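Asker: Sequence:
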Amino acid sequence: QKGPEEGASLPVLLFLHGFLGSSSDWAPVMDALSTTYRCIAIDLPGHGQTQVHSPQFPTPPQPPSDSSSSSSSSPVSSPPDSDFSSSLDLDSSSSSYSTPPLSLNSQSTSQESSLESSCALFSPTSLQSYSIEAVSGAIQALVVSLGLNSASSGGCLAVGYSLGARIALVSLTSPSGPPTLSTSEVSSSATPMVTQRVISRAVIVSGSPGLRDPAARKARKAHDDTLAHALQFGGVPAFVSSWYQHPMWAPLRGRPCFPSLLRLRSSGCALNLAQALSGMSPGRQAPVWGALEGLAADEILLVVGEKDGKFV
216 QKGPEEGASL
226 PVLLFLHGFL
236 GSSSDWAPVM
246 DALSTTYRCI
256 AIDLPGHGQT
266 QVHSPQFPTP
276 PQPPSDSSSS
286 SSSSPVSSPP
296 DSDFSSSLDL
306 DSSSSSYSTP
316 PLSLNSQSTS
326 QESSLESSCA
336 LFSPTSLQSY
346 SIEAVSGAIQ
356 ALVVSLGLNS
366 ASSGGCLAVG
376 YSLGARIALV
386 SLTSPSGPPT
396 LSTSEVSSSA
406 TPMVTQRVIS
416 RAVIVSGSPG
426 LRDPAARKAR
436 KAHDDTLAHA
446 LQFGGVPAFV
456 SSWYQHPMWA
466 PLRGRPCFPS
476 LLRLRSSGCA
486 LNLAQALSGM
496 SPGRQAPVWG
506 ALEGLAADEI
516 LLVVGEKDGK
526 FV
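When you read off a place in the sequence shown, starting at 1, and then add 215, the result is the number in this note's numbering.
Read the hints as simulated data drawn from the structure, not as lab findings.
Among the hints, a few may not be true.
Unchecked claim - Label-pair ranges, simulated between beta-carbon atoms:
no.	residue 1	residue 2	range
1	506	359	14 to 24 angstroms
2	471	509	37 to 47 angstroms
3	473	510	29 to 39 angstroms
None of these values were measured; they are calculated from a predicted model.
Quick reminder that beta carbons are idealized off the backbone N, C-alpha and C, glycines included.
Throw the hints in and build the complete structure from the sequences for me.
Answerer: Structural data, given as structure tokens:
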């Protein structure tokens with residue numbers, strides 16, 4: 216937190232970081248705004264210091280191997296420089312998804328369909344605390360418990376980047392509780408239901424309202440589950456190194472701060488990050504496109520980078 220403590224009447228800004236990030240990502244922005252806003256940033260589940268209280272599950276087994284295949288089908292056997300990110304489409308809102316969902320290994324179609332059910336890492340029970348809906352509900356409950364949405368301060372404005380932007384969108388557009396795709400797939404029953412809007416406005420930085428096409432969601436879910444396996448079995452440093460080889464990160468790789476950022480990102484917990492990647496996948500998120508029509512012009516601001524081809 217930066218700026219005045221509780222009791223002040225300044226507007227509240229709640230900052231939500233992206234995947235692999237942490238609350239400290241927002242420190243320079245918060246420093247600049249803390250004289251006119253009460254700035255608060257949180258670590259999302261699976262990141263930083265946030266601990267998720269969810270049912271325990273055993274260490275995930277190795278993905279099933281294909282005896283008929285001549286190449287290895289296990290991400291754990293990939294060398295540190297293997298290209299985990301060659302087929303990433305981060306937070307894509309496209310209705311067409313042509314990338315093979317399991318491009319990291321040579322598993323057969325039958326193995327692809329059994330990958331999720333064979334591993335406790337991706338079971339509905341272990342992932343429910345990491346769903347976009349559950350995280351949104353927990354954040355809204357936190358805002359209420361801290362009194363950050365008081366009328367005297369003008370309510371709480373969420374500022375989210377990428378993954379954080381999707382959470383902010385769900386929170387902004389779901390005053391009666393976040394939507395779900397199905398009760399068997401995601402659950403927010405562990406978080407208090409919201410009866411009125413808690414997040415009054417939002418700044419969405421490179422974020423999508425979700426995938427409208429069910430087939431695209433299914434493909435994206437399988438794709439992100441495979442990436443999560445690569446992360447869990449290959450380790451955080453190797454995954455992070457390949458993640459930032461994606462073309463969209465080219466400008467970032469050229470900045471002097473990139474080596475230190477890479478080291479910082481590589482220090483996370485593989486299991487927690489893998490659960491976050493799967494649980495908060497756009498493939499498991501109910502799209503909120505329709506709800507955007509009910510927002511006033513001053514309730515949402517969309518921000519994208521000029522070189523971000525998905526949004527420009």
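Asker: All hints, please: hold or fail.
Answerer: To see whether the hints hold, each was checked on the structure:
Checked against the given bound of 14 to 24 angstroms, the beta carbons of residue 506 and residue 359, roughly 20 angstroms apart, stay inside it. Taking 37 to 47 angstroms as the suggested C-beta distance range, the pair residue 471 and residue 509 conforms, at roughly 44 angstroms. Here the CB-CB span from residue 473 to residue 510 is close to 36 angstroms, well matched to the stated 29 to 39 angstroms.
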